[in-house]
Amino acid sequence: MSSWTLAQVEALSPDSASLKASAKLTAAKWSNLGQVETALWGECQGSGKTPYLTRIDLTGPAFKCSCPSRKFPCKHALALFKLWVQDSPRFKASNPPAWLTEWLDSRASRKENTEKKATALVDEVAQAKRVAAREEKVEAGLAELELWLHDLLRTGLMGLSSKPGRYLDDMAARLVDAQAPGLARLLKDLPALMMSGTDWTQDVLACLGNLQLIISAYRRQEDLPETVRADLRRVLGWNDNQKELQGNEGLADSWLVLAQLSSQEDRLQVRRSWLWGKETGKVALILEFSFAGQTFQYPLVVGQKFEMELVYFPSQYPLRAVPKELQMGGKIGFEEKRGLRLHPHFDACLAAYAEALAANCWLEQFPLAITKVAPLMHDGRLVLVDEQNKTLPLSPVFTEGWRLMALSGGEPCDLVAEWDGKTLLPLAIWQEQPVSLRGT
Amino acid sequence: MQSYLDALSTAALLGTEKRSLPDLPERLQHLVKPQATIEAQLLVAGVAAKLYVQVAQDAKQNLHSRRAAAAEEKLEVISEKAASYLGQFIQGRQQGLLQEFLTVAAQHHKRVPFYYLPDLLELARMNSQLREQLRACIGERGHWLAAQNSQWGFALGDDQPLERFETGSLTERLIAFRTMRQTDPENARQRLEADWTKNSAKDRTALLEGLTEGLSLSDESFLEEALKDRSASVRAAAAELLSQLPDAAYTERMKLRAKGLLSYKPAGMLGLKGAGLELSLPNPPETEEDGIEVPSVVKGMGKKAWWFKQIVARVPLSFWPAEVKKLLEAAKKEDKDLLFEAFVAATIRFKDSQTARSLIDFDEKGVHLSSLLPLIPHEEVSDLALALINRFSELSYSHPLIQLLGLYRFDWSETFTKKFKESLKKSLQGKNTWELRRVLELFAEAIPPEQLESLKPLLSQDTDHPHSAAYRDFLAKLELRGAMIASLKET
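Quick mapping for you: the protein sequence lines, in order, are chains A and B. Position 439 of the first sequence, counted from 1, bears residue number 439 in my numbering, the numbering being contiguous throughout. Position 215 of the second sequence, counted from 1, bears residue number 655 in my numbering, the numbering being contiguous throughout.
Chain A with its partners taken away, still in its complex shape:
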């Protein structure tokens, strides 16, 4: 029996158009449907004479179809998957056709190859050279940034608004050149902070102060523990080598996907998935990127659990992680919810946040799971009230207030949310099952 639900399969769709198109591919269009333990296949009648050969590797899940679509999974794969979830008896357990086994074999050998490649010797000397060159560049960029910062502070922030737009952009561009794109990004937040109201000086000062903090920390790297250095590198905008990380030992557990958030940055789609380990009680963030409508790397769906090892990125407060081998573990059940520690009220959430920030002051989003929060509507705006009758301000980007009202019926409920130090962004409501409040 399938552990997939329709909603989960639909969540794999690259866009709503594909989903809509897949709905038209009803059972009548399919022939030679078959399944083995870990794979499905079928032939779909398209507009041409030869049917499309569609196959799904359930262990990934991975998809392959002979249609020319560049979407992934294509509408045929989606339709086949949905048909299987809804009506698996149509799929006969039979000998798989050659076009399926060939694909499965090539997948297996490709996997072996990449594993081999990963273990291939890295030229350590060349790598050390590259690192040294990069550090030199960053040092020069930071020295320039510090000069710029001190100049600005000497004459006062009052003058900031009358500076030309180039003033910020030029500095940001130089930081990108100096291989510190993370700092350029921080600098680009300034104009928004300057509009933030009466307290803008405090916000701007804190933002600039953070840059100074990074400069000072970078200069005394040798005195810092390795984990703090890793956090620092990440703020500078250096990417970790995920392949290398995957070689490290991971934390094995049943990982439950409780919440997910996608955002668009130009043509790049970013997806954050928050996972909770059932046995370890650990929290993990899996960050994925996709360009121009490509599918994300991992089939993570809210409400699904995975048996896998996660390797945390080194950090003073480890959150971000990367999966090793992953295996579908079915739907999240109600009993799993009891095993997880939920914060009893908002003040407990804030205390946990303070602790996290003490470990890593560059933390941007902090995940919260909190129990018995009652939603109410006041003048068309959602207010979340905890058991102590206290409330936290909600993120201005949160738009699913009515959905949260509809799902809760005004009763206290368990929520998964992100806290950024200022506002709360609810991501999922957890009744029987976690239900995503975003991404529809």
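Hints should not be assumed to be uniformly reliable.
Stated by the list, open to error - Derived DSS-like pairs: lysine-lysine, alpha-carbon spacing no greater than 30 Å straight-line:
no., chain 1, residue 1, chain 2, residue 2
1, A, LYS390, B, LYS500
2, A, LYS49, B, LYS861
3, A, LYS20, B, LYS871
4, A, LYS331, B, LYS521
5, B, LYS865, A, LYS49
6, B, LYS896, A, LYS20
7, B, LYS473, A, LYS24
8, A, LYS24, B, LYS865
9, A, LYS20, B, LYS521
10, A, LYS24, B, LYS861
11, A, LYS24, B, LYS929
12, B, LYS458, A, LYS188
13, A, LYS24, B, LYS521
14, A, LYS24, B, LYS859
15, A, LYS422, B, LYS473
16, B, LYS858, A, LYS24
17, A, LYS20, B, LYS929
18, B, LYS929, A, LYS331
19, B, LYS473, A, LYS188
20, A, LYS92, B, LYS521
21, A, LYS24, B, LYS896
22, B, LYS500, A, LYS20
23, A, LYS92, B, LYS896
24, B, LYS500, A, LYS372
25, B, LYS500, A, LYS422
26, A, LYS372, B, LYS514
27, B, LYS514, A, LYS331
28, B, LYS473, A, LYS49
29, B, LYS866, A, LYS24
30, A, LYS137, B, LYS473
31, B, LYS668, B, LYS699
32, A, LYS64, B, LYS521
Claimed, not checked - Calculated Cβ distances over 12 Å to all of chain A for the following chain B residues:
no., residue
33, THR477
34, LEU655
35, PHE662
36, ALA689
37, GLN794
38, ASP803
39, GLY806
40, GLU885
These are calculated hints, taken from the structure and not from any lab test. Computed from a prediction, not measured in an experiment: that's the story for all the values here. Heads up, the beta-carbon is just placed ideally off N, CA and C, and yes, glycines get one too.
Take the given structure of chain A and dock chain B to it, following the hints.
Relative to chain A, chain B alone:
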């Protein structure tokens, strides 16, 4: 710490040239190095103090009161499969399919999942055609939700209409009033009369429209009073309502005006002499009469003809000396259009289903079919369907069958099915793919899905026929509707 942060901000604002730094609080002393430049000290102290304040904050006390939670549901929720169709239709904004979905869900006494309530209420806010069906299947939760958003007032439950009638907005009052009219029309009207004069003219006009619900002769004296209202729009609305009561004095007055307008001579016994009909056009009154005012400019006809039409449109069809069909046949060619239009208006006003049926046959151009079809008695629908497919054998996107199929479910007789298939086959031989696709789309939303199997063989599926893609989509939509309806029967 906050006051320190304020002092630091002032220093940062004015610049270190003009302002020295405030004394560093003890708690930050290990973070800020005194040997660093003054600007570096200011910056590090600034971010540290800000983080300190940010982390020290507590959740705020809630000042708003909570509304009672939603009541237990009485209806069963639709199946997971049905919910997945619903999600698709909402995402694709497929209004036609949504409307059918909600209708069938309501028929099976099912409710939609909580998750989709906000989407559906928003869609119905923008498209009033979805409202009635939606109201029946949003369950307790939906009514609870709608009560908290003034824009969703149309979906409110019927539990406390009187309260909403007394305190609500105009839209809410009108909905509440209609509900009150459904249960106790007499009492509802008296309630309206009680503070009638306190309402603005706009509200009076709108509320009068609510009287169409449960309209009867006992409303007559109130409406006759309203016919003397100061506001012209109220008078017109009252006249409209009075004219729908065939036994009211208003209609008697119209009959008096109508006397002698038509003089009919039946055909001779031996058929040697055809029947004849003379129209005499009356002079329109100088001032408003019975809520009808002759406009200063009348489009497309003379003022006399216009006044003639107003009168005939307000007289029950049984008043005339012969059946409308005979009258129309006997009318002179130049009178036919005017008379026909007036009869159609009267038929719709008095919901005269018998006359509607004969006017449909008479409507050569089919311009009034859309308003006449809903009046047809159910037992005549399948006959009418056959008549329509015979008359308009070419399928077009304004074909009256589309509306008829949308209005009524009826058994497809063998003859009708055969005729329909012939027409469809002929359409498939046409050239214009775009037009055919549009026609097929509309029919796919109207045809009973159980006809799928019989329609499949009309176009062989593998061919390179230019219309095969459009036809496949047509069949797929039928199949989708069938599957959707089946999914709503499941639990």
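Hint check:
no. : hint                : in the structure
1   : A/LYS390 x B/LYS500 : 5 Å, holds
2   : A/LYS49 x B/LYS861  : 26 Å, holds
3   : A/LYS20 x B/LYS871  : 28 Å, holds
4   : A/LYS331 x B/LYS521 : 17 Å, holds
5   : B/LYS865 x A/LYS49  : 23 Å, holds
6   : B/LYS896 x A/LYS20  : 22 Å, holds
7   : B/LYS473 x A/LYS24  : 68 Å, violated
8   : A/LYS24 x B/LYS865  : 23 Å, holds
9   : A/LYS20 x B/LYS521  : 15 Å, holds
10  : A/LYS24 x B/LYS861  : 23 Å, holds
11  : A/LYS24 x B/LYS929  : 21 Å, holds
12  : B/LYS458 x A/LYS188 : 27 Å, holds
13  : A/LYS24 x B/LYS521  : 15 Å, holds
14  : A/LYS24 x B/LYS859  : 28 Å, holds
15  : A/LYS422 x B/LYS473 : 28 Å, holds
16  : B/LYS858 x A/LYS24  : 27 Å, holds
17  : A/LYS20 x B/LYS929  : 23 Å, holds
18  : B/LYS929 x A/LYS331 : 26 Å, holds
19  : B/LYS473 x A/LYS188 : 28 Å, holds
20  : A/LYS92 x B/LYS521  : 22 Å, holds
21  : A/LYS24 x B/LYS896  : 16 Å, holds
22  : B/LYS500 x A/LYS20  : 44 Å, violated
23  : A/LYS92 x B/LYS896  : 26 Å, holds
24  : B/LYS500 x A/LYS372 : 17 Å, holds
25  : B/LYS500 x A/LYS422 : 12 Å, holds
26  : A/LYS372 x B/LYS514 : 25 Å, holds
27  : B/LYS514 x A/LYS331 : 28 Å, holds
28  : B/LYS473 x A/LYS49  : 77 Å, violated
29  : B/LYS866 x A/LYS24  : 25 Å, holds
30  : A/LYS137 x B/LYS473 : 26 Å, holds
31  : B/LYS668 x B/LYS699 : 25 Å, holds
32  : A/LYS64 x B/LYS521  : 25 Å, holds
33  : THR477              : 6 Å, violated
34  : LEU655              : 37 Å, holds
35  : PHE662              : 38 Å, holds
36  : ALA689              : 49 Å, holds
37  : GLN794              : 44 Å, holds
38  : ASP803              : 37 Å, holds
39  : GLY806              : 32 Å, holds
40  : GLU885              : 14 Å, holds
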